Amino acid sequence: MSTAKQKMRERKLRNQPASVQYSSTSQTVESSSQNGGDAPATAGEIHDGAPSDIQKSTDKQKSRGQQGGWHRGHQKDGGGYVREMPQHITGGAFAMARAAEVKAMLKAISTRTGSCQLFEALPRHMRRRAMSHNVKRLPRRLRDFASRLREKSLQAGSKKKKEKAKCRSRKARRRHGNLLLEFNRRQRKNIWLETHIWHAKRFHMVKKWGYCLGDRPTLKCYRPCYRAMSTHCLLMDLSYYCCIELQGEEDKLLAALSQLTSKEAGPTFAAALCLSGLRQGSVVVYRAGGFPAQALGPVTFLWRPRTQGLTHRQLWIWAHPTMKQDLLPELQIVCQCSEAVVPPAVPVITPVDVPYTAEPQHEPAKSPKAVKTQGTKRKCSSKDPSEPPAKKIVGDGTRPPGTPVTWRSCSTGIVINDLTMEMVRYRLIGPQSHSVLTETLEAATDCDASVKLQPSSLWWPEHCKDDDKMGLHRQQADVFKTLKDLYSTGEVPAGIVLGLTVDDPRLTIPQKKVKALTCVKQIQEEDEQKRRELMLRGVPQHCCQSLLWEQSVRDNVTENKISEQELNRMKSDVLVPGSRLSPIPPQSRIPILLLHQPGKQVGHEMSSWGAGWDLLLPKAWGMAFWVPLVYRGVLIGGLNMSLKHSQNKGSPHFPHDYPDCPAGARFQEQQEIELLNKFKRRPPAKRINYIKQGCLAPFRCPWQQLAEEWELITREGREERKRDDQSGTTTHSDTAVEEKTTHINISETKPPSCFTVLRNRKSLKLLSGWCKPTTSKGQRLCRINQAPPLDHTAARSFLTPNEMSLAWVRFSLLFKGNPELHAMVCVPLAEDLKLLRNKSDINCPQEPVHKNHFKTRTKNKKKGSKKTPASSLSSDKTVEKESELPSTSEPNLSAAEDPPTSSDLVFGLWPDPLPSITSHCSRVTLGWVTQGDFSLSAGGGEALGFVSVTALVHTLLSQPSEHRGLVLLRNPSSLHYHFAKINIEV
Amino acid sequence: MLRSVEMDPVEYTLRKRLPRKLPKRRNDVYVNMKTDFRAQLARCQKLLEGGGHREICVHGLGLAINRAINIALQLQASSQGALQLAANTSTVELVDDLEPEDPDEAAEPMTRTRNNSAIHIKVFYPEPQ
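Protein chains in written order, with the working numbering: chain V, 1 to 986; chain G, 987 to 1115.
It should be emphasised that the hints constitute simulated quantities derived from the structure, not laboratory data. Treat the hints with care, as some may be off.
One side only, chain G facing chain V, incomplete, derived with CB under 8 Å [claimed, not checked]:
id : residue
1  : Arg1003
2  : Val1081
3  : Asp1082
4  : Leu1084
5  : Pro1095
6  : Thr1097
7  : Thr1099
8  : Arg1100
9  : Ala1104
Since the model is a prediction, treat every value here as computed from it, not as a measurement. Positions of the beta carbon are idealized from the N, C-alpha and C atoms, including for glycine.
With the hints as extra help, turn the sequences into a complete structure.
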């Protein structure tokens, strides 16, 4: 405290005129008078801030300060003040000097700059909360000044800020119609899902792919969500997936679609089971005839089961929204559907226009006048009876009214229909998802006889009249009932489809949240038989049919939905509160489709983890099903969880893990920008220096360069081997590879083809067999696969078609460690493998710290930027000249031919173009990790990523058989390598 | 690979489904071959001693039968005769999926069932007479 006081006092004294000393001689008096003359100038300069209104207090301080000055001087002199007492004083000079001093002091007190001093000048005990807000909290003598200051600041602020739009009262804003208008305005740019408001209250929302999507819950529930996925049920809203409908003759459709896929990459659109409509299929789509290059991305598809005697088929293709812009034109080309069918003049969804009428009213107006005029307009329009009232947007309401959604082909008769947002898709993940479904949904009950007799505009009463259809409905309901007897969702055949009509689930919603569980009971012999049938054969073919396929039924159901309000009124009218509504209103029967989602199918561990069901609903029914599902104790996941789901399954996630697709490339670019911005937001001293860490590209993966470099290495290696074969030596170690890599010069490569991702089933199987160590358990597997053993001839024949490809690989860490995004995959040296015997992470190899050759350049850049802008041009040139020096002296840098301009330089990052990436570190790089995390299912670090196929085969060839398939992983921010095991799962 | 194509016109991939999961009580222990033996033994001991269960059930299927028996016997030996065993065997039906890998995609996938043996050992403290 004493130091603080002292400081304060010093600060105050600093502004005082210098202490006055009496001198014994007359000369000194003159000098003192000079001193006095000097004082005002210095005091005037320094003593800016002391406010005049507190004259009294400052006067007091001043006098105290003077006293202090006297006091201090006296002590220093050791009581010599008696001796220095002047003999006489020249009155005139003395008075003049004092007068000047007083003048300076008065001036210092009266001048004032800055506003903050006002409050600071008040002693602490007189300061009050919110004093700057309310002038009356200030002492009265300061009020004038404070209010003047406030006005000044207000004026300055209003110049910058826009004129605030006139705000209506909260009550008016929250009125239903106005709220809807506001909501419609807000979803113009990014479409809202039907569950948006539910999500927005509970999730961190992100605007992605033209939608508003929930990323992750605001609750901390990462582990509970994982637990729900592996033991109970996790629910996700996938309505943002785009559905494209194809209609036409079966053979023509198949002929058209076969151009997009290849049978080498697994079952296609024509797979027998999928074609019959029994199963949902998934396939990776390529540009027409482009396989294996030019991939577009993965889609799932579903054929409508055949109706008897008809060859006309219907097919739904579900694709990610980022992929739709690539997929739709490709489909149009393949099916020769160029003719756009203009939608009918009166569309079924009337509120399409609503957001556009609402648009001008809510835009922040530029001038107050405009606000006024628009305000009056609004009043008029709301009173105008001809204006349709604001309606909730259902489906894709943001599409401009004239946009075609249907395309027809004259030659093939195929019709393409864009069904984006026409259906709601929910995904339930977890072994208990079937019991959640069986508890929530109930097969639709039959209509009353009285309702049946009279004709109805609703679809269900009409449906009930047909006995055949009702027979089918009963069978479907039967199958649905047998789902109850299952213990786990993974028991049924993968990908089965069940069509169903259900009652409105809002009618059976429980009062409180309950956790749906399978009930344990002894089942009848008959039921047991049915269950076996379901487990072995799946759903019979006719039960896969659903009325959801019919556009008319979908529209009918959407239009006739009972509103929440109406339903609640009906519920309140029931005699016994809480009992079920009966008879059930005829509107509340909804056709749905249940699609089984297979869990983890590849690999030997955790099989069928993450299996679940997809629920397809007609639009507008989203919330009616969502809340009842939530009331069955499921947890809700966002985008984050869907990423984790596919990570645990070991499957690539779109668009993160499809670098060869245009959507994937776009995603990577965006991700790089995001990560770079995040990196730049840190102060330079706190950033990780990736150059020193030996990490060339921490924010992206230059796949193309990797594939090119490895292709070059093999070509050189092959030539060398030819020479070697003659001499009869076939020694190939990774050191040899390393040597070669150092000699790479990128400019020598011919204009290369694009890299591809290896999706050929046979090649992948072969590769996966090679990756396994050929000892003990692995040997048995190899024998089963009957793969040719790995040697040079096999490798060469394998690599010829796949030189530029990447392979999707799962890495499981042997010891500790947590792989991160863009971790490097490297080849262990022979010495590294010896470290494995220690069986611990401590002895894992380390990367030596790299030298930062760009340090001088960044420094120069800094200097250059400090110079005046006029000289910046010349300074840039000098920087470039200087930068060439280190690059020529360092062999590793020789690849970077033209030194980058200094504007590209970011401290800690390699500037473009990158030098050879394979040989940059002490271990040769194979690829990168695209998803890495601690895996809760494996109980250790797991990563997914791509490696160059060429590099992988080379590595495997050079590794001893007992350590085959071992690699090193290194995070971009660390020098520590971790041992990991490669798994390729087919 | 060529040879196998000659033998069988259509190649199939075998995919084993998981055995039926049965509802699990607190004192059920399903033994597998992946987890460390000592860890599984310790888990059983914990249930009997710390968990306050008078009896536990050790289940083993197929290859894990051996290990289940081992665990039960180890438990008995370490209890100095206080624990008793009662073993039951059963047959569990397993389902395999056979997925065709033919280029023409005309073949139907097949499902077959096979049986496997299982053992259920009750490890319990006998009721005092």
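So, going through the hints one by one against the coordinates:
no. : hint    : in the structure
1   : Arg1003 : holds (7 Å)
2   : Val1081 : holds (6 Å)
3   : Asp1082 : violated (10 Å)
4   : Leu1084 : violated (11 Å)
5   : Pro1095 : holds (6 Å)
6   : Thr1097 : holds (5 Å)
7   : Thr1099 : holds (7 Å)
8   : Arg1100 : violated (12 Å)
9   : Ala1104 : violated (16 Å)
In summary, the structure is inconsistent with hints 3, 4, 8 and 9 from the numbered list given earlier, while agreeing with the others.
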